[in-house]
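Peer 1: One letter stands for each residue in the lines below.
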Amino acid sequence: MSTQRVAVLGAGILGVRITRELLSPRAFGESPNLAVTTVTRRVDRLNLLRNQFGSQVQMLSDETGTGQLPKDITTVIVARAAGEQYEVAKEQLTLGRDVITTSDDPAEVQRLLELGAVATSVGKTLVVGAAFAPGLSCLLASHASELLDRVDEIHIARHGAGGPACASQRLRALRGTATDWRDGAWVKRPGFSGRELCWFPDPIGARDCYRAALADPLVLVPAFPDVTRVTARLAATRRDRVLAPFPVWLPAPAEGGIGAVRVELRGERDGRREWVVYGVLDRPAVAAAATAAVTALWLGSRRVAPGATGLAGLGATSELLGELAFRGVRAAVFEGSQGS
Amino acid sequence: MRGLQRAVLALGLGLLVSLVVRFLGGDPTAPATGGWRELSGPDLR
Chain A
1 MSTQRVAVLG AGILGVRITR ELLSPRAFGE SPNLAVTTVT RRVDRLNLLR
51 NQFGSQVQML SDETGTGQLP KDITTVIVAR AAGEQYEVAK EQLTLGRDVI
101 TTSDDPAEVQ RLLELGAVAT SVGKTLVVGA AFAPGLSCLL ASHASELLDR
151 VDEIHIARHG AGGPACASQR LRALRGTATD WRDGAWVKRP GFSGRELCWF
201 PDPIGARDCY RAALADPLVL VPAFPDVTRV TARLAATRRD RVLAPFPVWL
251 PAPAEGGIGA VRVELRGERD GRREWVVYGV LDRPAVAAAA TAAVTALWLG
301 SRRVAPGATG LAGLGATSEL LGELAFRGVR AAVFEGSQGS
Chain B
1 MRGLQRAVLA LGLGLLVSLV VRFLGGDPTA PATGGWRELS GPDLR
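Line order of the protein sequences matches chains A and B. Mind the numbering: the first sequence is residues 1 to 340 in my numbering, read in order. Mind the numbering: the second sequence is residues 1 to 45 in my numbering, read in order.
Because the hints were derived from the structure by calculation, they are not lab data. Where is the CB? At the ideal position from N, CA and C, for every residue including glycine. Incorrect hints may have been included.
Pair ranges (Cβ atoms, derived) [to be verified]: (1) B/R37 with A/G257: 40 to 50 Å; (2) A/E114 with B/L9: 17 to 27 Å; (3) A/R239 with B/L9: 41 to 51 Å.
Short derived list, chain A residues pointing at chain B, Cβ under 10 Å [what the hints assert, rightly or not]: (4) F53; (5) L95; (6) G96; (7) H143; (8) D202; (9) E274; (10) G279; (11) L281; (12) G315; (13) T317; (14) S318; (15) E319.
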């Protein structure tokens, strides 16, 4: 078996966790033959991580941010902050590498999806939004869709944030403009509108969720061309809403607490209206890192159609969810009364 | 003039009550039945 050489661009909370996930001794029931390179733009981080990972990981400095990598790298995971991923993803794709991005910035996700023609021309795969939401949310939606004959609506809700960059992006999303898919057209709605009480897996429970500038609909609609409604919401408190217009003085914590994602599908089964609700409870950075890492491992070991896609369109839903469950990121299904 | 004062007072009270209800709220009603079941091997095939 030839060695898969994976590079992780970025060594923040997410990048380091992705590196750790890649070093796992087993993946998809086999021992992966893997070499990992992690690239950081921060010198202080470089020395710390060299001590932490030792010879297991090739640590490279990239102070200029150009992402110069050894030529034998086959797969690149971009773990930089949302909004800083497009240029480097495009560059690595045109160099003939499979690329996995983790951005949840809707404008950037849209631009990344538009690189589909470039990816097809070089015969490589660009996975867009392989993180918590989008990412794990797409896998849950794809898996839940198999329980329905026809999917009409997909509604995503997310609680929590990963590292400081993710927390900043969460605030930007809540203050931004949501893009919902409704009856075959994109509809713009203001952030912090459309309050809805969503039930996440315990111990999070019920949370008010609001529209926000989220990328999930952008990656889900291409995977479900017949769907009539796709929405995405973020859990926020009344304090978040009241303080939204003001600047944030306190820095975000190094890593957020426990988070969750909830995916609700409505449609038809056996001629009757049905609904399916899936959820995952985990630290967002942990779940996002595992999702990005298993996607990279899957791309390295299987033939995947070239082009740009979200995880719901990758065609490996059960395999990826199974591997994620093996790594402790376990999905759950809500069984009970409607309107949960 | 007296009518205007009463109208303003009524509006103010209404606003106050709506703000109290809006920001205090109540405990959400839990789903009547059901719960979360972890997806296991057979679900993921």
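Peer 1: What hints, given by number in increasing order, does this structure fail?
Peer 2: Hints 1, 2, 3, 4, 5, 6, 9 and 12 not satisfied by this model.
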